[in-house]
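> Listed here are the chains, written in short residue letters.
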Amino acid sequence: MPVAHTTFDRKTRTATVRVAGDVSLTTAKEFYGHMRGVARRRDVRSVVLDFEKAGRVDSSGLAVVSLAARMMERGGKAFDLVHLGETHRAALDLLPRDAVAVADETDHPGFVRRVGMSILDYQDAGAAFLALLADTGRQLLYVITRKKRLPVGALTDQIEKMGVDAVGIVGLLGLLLGTTLAFQGIVLLQRFGAGVFVADMIGISMVREFGPMMTAIILTGRTGAAIAAELGTMKVRDELDALTTMGVSPTRFLLLPRLLALSIVQPALSLMSMFLGIGGGMIIAALVLHLPPDLFWDRIVARITFGDFLHGMGKSLIFAWIIGFTGSHLGMRASANSTSVGAATTRTVVVSVFFIIVVDAVAATISTIGAHP
Amino acid sequence: MKVETRTSADVLLTCRDVSVGYEDKAILSGVDLEIVRGEIVTLLGGSGCGKSTMLRAITGLQAPLAGHIELLGQDMYALDNEARRVLLRRTGMAFQQDALFGSLTIQENVGLPLRELTKLPEPVIREMIRIKLALVGLSGFEKRYPPTLSGGQRKRAALARASILDPEIIFCDEPSAGLDPIVAAGLDETLCQFRDVLGVTIVVVTHELDSIRTISDRAVMFGGGKIMAMGSVADLEASTDEAVYNFFHRVAAERPGRAGDGVDRLHHARTA
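Going down the list, the protein sequences come from chains A and B.
So for the first sequence, our numbering puts the first residue at 1; every next one is plus one.
So for the second sequence, our numbering puts the first residue at 1001; every next one is plus one.
There's no promise every hint is true.
[To be verified] Below, computed lysine-lysine pairings styled on DSSO-like, alpha-carbon distance capped at 30 Å:
hint	chain 1	residue 1	chain 2	residue 2
1	B	1226	B	1025
2	A	11	A	53
3	A	53	B	1119
4	A	29	B	1143
5	B	1119	B	1143
6	B	1119	A	29
7	A	147	A	161
8	A	161	A	148
9	A	53	A	29
The set of hints was computed from the structure by calculation and includes no laboratory data.
Using the sequences plus the hints, can you model the full thing?
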């Protein structure tokens, strides 16, 4: 049975809509379609909604009646409700009288406005980042000059979480990277009878590039993301504001231990990765080329200079700061909702990896041009 | 609102010999309870008495350790998950921590059940949201995000979401906790309006005395691992049971250690 049936009086141009049965979630869609059809009729001047045979009217029914009233008003049609029962009246009393209907369309800024808003956002973010750098410098100075101190145990905790717990994964990946490089190098160099130079290739690659960079990429996903998520959650839970109101600097309390720990852990793990990568290459060279390990090591020692080593270690320190500052900056700028923490974490990984590769490329370019001007 | 005669259709919730708790440790046991259509029942008791755990059991969130819970005529925990979900769509729940989704606006939060569970046209959904938000006094807050609202406003939004599908029974966990008396009174008024105008049955877990006195048709007091007392608030207030009397007259239970004990203990330690 249809929820509504309409009769039309041509003389008075009145449509009478008789509601039958309950108007609830299951019938509201049909009722809405019916009322919309009546509202669109140009021959109708007035509409009467007859509740004589209507049953229960729930919120969805009320919403349709309210919408119908507005549709009729817009179309210049009179709208009346008749034969209302007591329960219908009580339900209709719930309709807001002065509440303004919510606009259907959402605010979509134009292209120029969007560009302008992004520029302002970047400007804000840049200013906040510089402020964070300055504050970190100031807090570090306080700690060095012993005016203030780091939270007890925070540095060792962070070193354990960021470094000791990551030894397995960084070591394994370093070893595998060394073996992969060795396989690739041997295939290529053997064609020219220069298989022994695989040691030089692996040594230079691991010390100058892959050791620091692979470690940095692992730590970005592991540590950078964790810093952003941790600080973001603290921001959402007002814990950062709590520190500020206590007069404790969030930079010194939270950021500095993480940054110092990363500055120790990243070079240490990079060093381990370098050695394990070289070790992996040494194993493959011994198995495939029958190159004695002592000869392999002699070539490494002869080929790699202290400058190469400094280049790799220096970069790993810069990578540590990129990871630490990006995670802290984006985590602390998370807004007060649950998705912003996830967004901050993802952005930390993307931005850190981007800057790590940019810095690596710049360092490679400068050092190459410097060596062969 | 007095309920004089009860038919089986009027009884919306029945608990028979229910025990609830965690792992195998029962917090409440032997709970027998009936809740009838159109009444507001408050579940009371001190902190840790098991009233929230009981609420979790009757809302399908935590199976009881023993006994049967019949919600809207169906043995809830005998149903499979899908059937239980269908049954629970006829109920609404307003959580203590409001449980609004922080990444959605208020109108998206309130309209979520409608968009997920019905095929209503979008204009009808928006109108329903508008009506419900006006009912809880949140007109104009449609596009705000939950973290930008006060505690009271968030609780009202949670109530609007709990009631958007016109449930037959609404469960509220500590609706006035953490609210100032004026906001709490406003929320109580809204709950009474839901009962009186929409005919909704409401079960409220609370220990706020003002709320209990304002909204309760019946009150169920838990304590000592069981139902300690049940009846109208007037009956409970007049109870001669010491624990019930203490609860309603804010008499603190005697604790084994009191301020000042420390000095005595130190004194004994020195002289021993």
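> Now tell me, hint by hint, if it's right for this structure.
Hint-by-hint comparison with the structure:
The straight-line distance between the Cα atoms of residue 1226 (chain B) and residue 1025 (chain B) is roughly 14 Å, inside the 30 Å bound, and the hint therefore holds. Using a Cα cut-off of 30 Å, the hinted pair residue 11 (chain A) and residue 53 (chain A) holds, with the two alpha carbons roughly 25 Å apart. At roughly 25 Å between alpha-carbon atoms, residue 53 (chain A) and residue 1119 (chain B) fall within 30 Å of each other, so this suggested pair holds. For the proposed pair residue 29 (chain A) and residue 1143 (chain B), the alpha carbon gap of about 25 Å is at most 30 Å, so the pair holds.
The hinted pair formed by residue 1119 (chain B) and residue 1143 (chain B) meets the criterion: a straight-line CA distance of about 23 Å does not exceed 30 Å. The hinted pair formed by residue 1119 (chain B) and residue 29 (chain A) meets the criterion: a straight-line CA distance of about 7 Å does not exceed 30 Å. Distance check on the hinted pair: residue 147 (chain A) and residue 161 (chain A) sit about 27 Å apart at the alpha-carbon level, within 30 Å; holds. At roughly 24 Å between alpha-carbon atoms, residue 161 (chain A) and residue 148 (chain A) fall within 30 Å of each other, so this suggested pair holds.
At roughly 19 Å between alpha-carbon atoms, residue 53 (chain A) and residue 29 (chain A) fall within 30 Å of each other, so this suggested pair holds.
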